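Student: So the protein sequences, as listed, match chains A and B. Residue numbers for the first sequence follow our numbering, beginning at 3 and rising by one. Residue numbers for the second sequence follow our numbering, beginning at 2 and rising by one.
If you anchor each label on the Cβ, the simulated ranges turn out as follows:
(1) B:Asn220 / A:Arg82: 29 to 35 Å
(2) A:Thr126 / B:Phe246: 14 to 20 Å
(3) A:Gln72 / B:Ser224: 35 to 41 Å
(4) A:Ser261 / B:Phe251: 43 to 49 Å
(5) A:Gln72 / B:Arg161: 36 to 42 Å
(6) A:Asp199 / B:Arg35: 37 to 43 Å
A partial selection of chain A residues facing chain B, derived with a Cβ cut-off under 8 Å:
(7) Arg88
(8) Arg90
(9) Gly91
(10) Leu96
(11) Phe98
(12) Glu100
(13) Thr103
(14) Leu105
(15) Asp106
(16) Leu108
(17) Glu117
(18) Ala118
(19) Ala121
(20) His122
No lab work stands behind these hints, which were simulated from the structure alone. Here the structure is a predicted model, which is why all the values come from computation and not from measurement. The beta-carbon is built from N, C-alpha and C at its ideal position, and this holds for glycine as well.
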Amino acid sequence: MNETVLRIRGLQVAYATPSGMLHAVDGVDLDVARGESVGLVGESGCGKSTMGKALMQLLPPGAEMAGSVQLNGQELVGIRPRELRRIRGEDMALVFQEPMTRLDPLMKVSDHFVEAIKAHRPRTKKAEARAMAREALMQMGIPPTRADNYPHEFSGGMRQRIMIALGIVMRPYMVIADEPTTALDVIVEAQILDLLDRLRRDEELGLILITHNLGIVAETCDRVAVMYAGRIVEVGPVEEVFTNPQHPYTQGLLRSVISVDTTELSSIEGSPPNLLNPPSGCRFAPRCDQVFDACRTVDPVLTPVSTATSAACLLHPGADAGADRRAAAAQQMATER
Amino acid sequence: MAAAPTSEQPREAAPVETAPPGAGLRSRIEHAFRPWRRANPGARYLVIAGAVITLVFLVMAVFADSVAPFGEDQYCAAEFFNAENGACIGVGPDEQIPNRAAPSREYPFGTTDTRFDVFSRVILGARVAFAVVAFSTLFAMFIGVPLGLFSGYIGGKFDRVMVLAMDAIYAFPSLLLAIMIAFSLGLRLEQLGIDAPYVPAAVAVGAVYIPQYFRVIRNHTLSIKEEPYVEAARSLGASRTSIVFRYIFFNVVSSIPVLFTLNAADAVLTVAALGFLGFGIRFPTAEWGLDINLGLADSVAGFWWTAFWPGVAITLLVTGLSLMGEGLNDIINPLLRVKGYRGKVKGGARATMAAVGAREDAAELDAEDGAAGLEGNR
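This is chain A alone, in the form it adopts within the complex (with noise of 0.2 Å):
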């Protein structure tokens, strides 16, 4: 249970801007241990997604990438592209926000299988891949007699678990999901969510879910990362990251959540910096409310709060201690490039 998956390294991922280089992943660090699953969680634009898309590395073009990613000990940064090429879908695999535009409108449903099989293994039979794609569609709940029909013949819900069906096929060892509910009502959520965990367990894949709904997360997950403009600022176990969250971003997120309870809205003031050019110090800390001087010059890094859970705030001793490990990783992602 123990054994690492996807290892991730000082991930950095800048975008090119007209005024200059938008780092919008900035120094992520991550495991995922097999049959885990992980949740992803933040705000709009404070990186999940461009993570997602990174590690999959379908990054738009003039988007660098640095750090270092290992998937079962094979490094994806710098990789060639038909080794890449080998590794999506088979070994890892992407699930995407929107399942209503992710399949050709032209192809139908059992073709993109044998597409998708083709691509990895040239000589399979025809017959042989529409099979596994009967067996792939039934896992997820679709009748097999469907496997002829067009997309848009079906649901969102039902687009959204053959994307699904599509990502597994080839049993990858990692899948993300990059928001895989957020265009489908509560009831096919909680089904594909279901389907999501129930393969996690039974296939023993690693699963990275990112999401800004951190109900789900609370539900499917083992372990929860909280981003914020492009860092981990915390992650631990989810029980201990809910019940007792160290950073006051965490806190500040957990008190936004709308339950059935909520009398009263509540959010963190203000927004995510401008990753052009992020303020000195902690980001977090123009909207802190337990923000204190050392706060604006000194940027905190990820420190063990307890035996599971780390967090990077100044307000538990010891995050000071990397700023210049932090400093000394920019200067390489600056040559290396």
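Let chain A serve as the given structure and place chain B on it in line with the hints.
Tutor: Structure of chain B alone, referenced to chain A:
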């Protein structure tokens, strides 16, 4: 519903399949013709008229040898004509086809000064026109479409260079380009001793149309490649070739039929122009442009029929193909389709009473159209 086996169910018997085997194919055909049923009647008439004209010429071209009373280079009755060396054996001038005879029952379109039957040459000319047009547009399509697909998908410097090259060809006067290609290719083939009379003209005409296919396909590809399902395909490990030919191609291909028919119309004209100027098909093969050239001197002298009928043939075929192209454009392009319907409802002569019912119909249609659009776009 007869359980006729169709190509859709060749697999092992699907046990839970409830729909009868014929239904799938039938509904699919009905679905394919939906734009046709939806189209406004004007567009449908255009297509029907164009198709009828084109079909008549096509039948003429295919059965030219049995329809035409004489061969293309025949100037006496068939029993005396030696097709091998083109000589009339054992007959005097009287038994030959008369020279410059006015249209009559025997020679419906008259005869030329070299004793050819104009009617036969017009019919046999259709064969050349179709052969050259089909070859040239296919040639242009097979080069222009893949180039456009890859140029659009790969982008970057390759795309820039391709666009520049195609614009250069496009900016060049098309007839001049065709003449140059036909002339140089003809010479080259002659040097190599290859006897292929249609090829230079066909290649010349085809080369002129490559940029058109390239542009349309490239621009369409540029928008399709940003579609989420293309990214999804990449995330599943699809290769560049399979993305281009399996995912993008079928989403782009709908723009080809209209271009094809319109280009075919234009190609008829270009072939005729080449023939007229003497760079196309060589005498004695029957070709409309060439025949007009040969008949020029006659028309000044009052023998109007030698140049008139090939001219009519060119005009008719070009009109037929253009009508078909314009009509198809109206039918295939959903924007024009919807507009056409609204126009009809508003502009209809029997105003209010009819409009109420019609508007309901139109609303229904719009709703369906919207759904169809979503399917298409999403």
